Every structure is written in structure tokens, then in C-alpha cells.
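Novice: As given, the protein sequences belong to chains B and L, one line each in that order.
Under UniProt numbering, the first residue of the first sequence carries the number 1, and numbering increases by one thereafter.
Under UniProt numbering, the first residue of the second sequence carries the number 1, and numbering increases by one thereafter.
No lab work stands behind these hints, which were simulated from the structure alone.
Check the hints yourself; a few may be wrong.
Identical chains share a label here; the pair holds if one copy fits it or two copies do between them.
[Stated by the list, open to error] Okay, derived cross-link-like pairs now, DMTMM-like style, lysine to aspartate or glutamate, Cα gap no bigger than 20 Å in a straight line: (1) LYS52 x ASP18; (2) LYS87 x GLU140; (3) LYS43 x ASP127; (4) LYS42 x ASP18; (5) LYS107 x ASP5; (6) LYS137 x ASP152; (7) LYS107 x GLU146; (8) LYS121 x GLU46; (9) LYS16 x ASP152; (10) LYS107 x ASP152; (11) LYS121 x GLU59; (12) LYS137 x ASP80; (13) LYS91 x ASP80.
All values reported here derive from a predicted model rather than from experimental measurement.
Take a look at the letters that make up each chain.
2 protein chains.
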Amino acid sequence: MVQLDDLDRAILRVLKEDARLTISEIAERLNRPESTIHFRIKKLQERNVIDKYTIVLGEDLQPRALAVVYIQAETPIIEDFLERYVKHIIKTLSLLPNVLAVARSGKGGVIALIGEESSEKLNRFVDETIRVLPTLKRVEVMHIDEFGKGKDLVGFLVNV
Amino acid sequence: MVQLDDLDRAILRVLKEDARLTISEIAERLNRPESTIHFRIKKLQERNVIDKYTIVLGEDLQPRALAVVYIQAETPIIEDFLERYVKHIIKTLSLLPNVLAVARSGKGGVIALIGEESSEKLNRFVDETIRVLPTLKRVEVMHIDEFGKGKDLVGFLVNV
Numbered sequence: 001m002v003q004l005d006d007l008d009r010a011i012l013r014v015l016k017e018d019a020r021l022t023i024s025e026i027a028e029r030l031n032r033p034e035s036t037i038h039f040r041i042k043k044l045q046e047r048n049v050i051d052k053y054t055i056v057l058g059e060d061l062q063p064r065a066l067a068v069v070y071i072q073a074e075t076p077i078i079e080d081f082l083e084r085y086v087k088h089i090i091k092t093l094s095l096l097p098n099v100l101a102v103a104r105s106g107k108g109g110v111i112a113l114i115g116e117e118s119s120e121k122l123n124r125f126v127d128e129t130i131r132v133l134p135t136l137k138r139v140e141v142m143h144i145d146e147f148g149k150g151k152d153l154v155g156f157l158v159n160v
Numbered sequence: 001m002v003q004l005d006d007l008d009r010a011i012l013r014v015l016k017e018d019a020r021l022t023i024s025e026i027a028e029r030l031n032r033p034e035s036t037i038h039f040r041i042k043k044l045q046e047r048n049v050i051d052k053y054t055i056v057l058g059e060d061l062q063p064r065a066l067a068v069v070y071i072q073a074e075t076p077i078i079e080d081f082l083e084r085y086v087k088h089i090i091k092t093l094s095l096l097p098n099v100l101a102v103a104r105s106g107k108g109g110v111i112a113l114i115g116e117e118s119s120e121k122l123n124r125f126v127d128e129t130i131r132v133l134p135t136l137k138r139v140e141v142m143h144i145d146e147f148g149k150g151k152d153l154v155g156f157l158v159n160v
């Protein structure tokens, strides 16, 4: 685990809120010399503590309906087939723009975050693209109705 | 829905990959005059298409074990109680640093993304913090084993 002190953490929190702030603005905000802030940020980048600078897109570009979908594939007789089949499902879903994230989950399981313009479109997508996949044991759709924490992840993940 | 043309989308894609690029670097990359890029980015910010500039934290700061946890509360006799109880669960979970995201999901449902140092710690957290909540009907833990898409969301959501 990487060692960070209070100043490092304070800098990271400030940059998480607004990565456009200049060195001198951050220095003023944290009441430290510019040279210190400059050095610390350089180090944080070099150590890959800061991996990337990016943007979050606004609500107009975000899908109106979101759901986490869990897919469980039927266990086949040949074990090796399950592995290949799950990889195939993940690859297929990855290519779709309304699939914001997808991951392997346990043996024969796939979990995906789906975003669509409306719940109708989302349900149709699940019915027409996911439920039709052959040899599934279970498809569970968990709609996301209102975030309590982490709402920004939608504007972070959405494709343009 | 906001109207974006190909240049707007190209600028957004470039900024998503690296929000530190200067106007002149973006202009060169997209083969357009700097004044055009400057004007477009200004507009994208004003229209809140770009909501925020932020950073993604590197792997060293990210939790090693992740899971999506779905919680279904028991439906009580008094309907109003369920609403308040779900709000209480969401608020409680929001305050915990290892809860990366949490949302309401359908009637009496809560869905959360949990991150911990190890699967043992994650399972312990689910057992000791979630399963002990009173009047739950169901708790389902879906471990995230390997991302096919959206891996960056962990470094985006992680707390410092």
C-alpha cells in the first residue's frame, strides 16, 4: 500500500472536486507554498497515485434509467465451456454503448450496469439482448432508482 | 436531449482520456484551429455537458476486493415505515468509506458497491454490518472478479 500523509490526501480531495485548479489556487486553499504543492502533485503523478485526469459529463448526456443486471449461466457438462461462454458474454456486452460497465462475478456469473433513455427501453434491452442469450439459469434486474452516494459514476462512465 | 456534433463528441472523448491537455494540444490532435476548440469547450462547460474535471486514483489506492450487494427489506404492515427504513439504511451505508456507491432499488430494495482490502474483510463487512440490519428479507452478494468494461470506476469512486 502506498504511503500518503495528510497533505497528499488534502491535495487529492481538492483535485477530485476540481482538477482544473492551478497550483497557486491549491496552494492558497491549503495554505501551503506553491513549491510544496507543485512537488507533491509531481510525486503523486509519478507514483501513479493520480492515474488519470478526466471529465464527468452532465445530466443531459446521462441515461435516464439505470439497472444492475446479474446473469448466471447454466453449468454445462464440460467445465471449460463455461469459462469460454462467460468470456463471450462479457465481450459481447462490452461492445454495447448502453452497457456502462460489465464484470465477471463468481463461477458462471456476469454483472453489468446498463443505462437507457427510459425504463421501457431498458426492460426491452434486457428482454431482447440479455434474456435471449442461450443457456442462462438466471437473470436478475435490479433497477437503480435514486443514488444515496456515487451518483457521479453515471456521468463518468457514459459514452459519447 | 442536448445537441452535440462530431467535433463536440471528439473533444469530449479526448478530454475523457486526458483532461490536462491544453487547447493547442487538442487543436493539433483534432486538426482544428485553437479558437474553435476554445469556443467549443467554453460552450460545453456553459451548457454543463462537461459537469466536472476530476482525477482517477491509481491501483495502489483501490480496494482489492469488490462486490455489489443487494439488500431487500421485509415488507412491514405499515407501508410508510418501509420508506423510512430504506432511507435509513442508505444514509447509514453512505457514511462508510468502504461503501463506494449506494442506491435505492425498487420497493424496499437497496443496492451498494462495496470495496475492501481483501475478500475476507469484505465478507466480514457484509456479515457484521449488513446482515445484522433488522428485518431484512434477503441479502445477495455478487463479487466482482474481473472487469470487462468500466474498470476505472473504482479509482474514480475510491475515497482518500
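Novice: Each of the hints needs a verdict: does it hold here or not?
Specialist: Structure-based check of all given hints:
1. LYS52 x ASP18: both (13 Å within a copy, 7 Å between copies)
2. LYS87 x GLU140: within (19 Å within a copy, 23 Å between copies)
3. LYS43 x ASP127: This pair counts as neither: shortest intra-copy Cα distance 49 Å, inter-copy 39 Å.
4. LYS42 x ASP18: both (17 Å within a copy, 16 Å between copies)
5. LYS107 x ASP5: Result: close neither inside a copy nor across copies, 40 Å intra and 43 Å inter.
6. LYS137 x ASP152: Neither: 33 Å inside a copy, 29 Å across copies.
7. LYS107 x GLU146: between (30 Å within a copy, 12 Å between copies)
8. LYS121 x GLU46: neither (44 Å within a copy, 30 Å between copies)
9. LYS16 x ASP152: both (11 Å within a copy, 14 Å between copies)
10. LYS107 x ASP152: Intra 30 Å, inter 23 Å, cutoff 20 Å: neither.
11. LYS121 x GLU59: within (18 Å within a copy, 35 Å between copies)
12. LYS137 x ASP80: The answer is within: 17 Å in one copy meets 20 Å, while 35 Å across copies does not.
13. LYS91 x ASP80: Intra 17 Å, inter 43 Å, cutoff 20 Å: intra-copy only.
Hint violations for this structure: numbers 3, 5, 6, 8, 10, all remaining hints satisfied.
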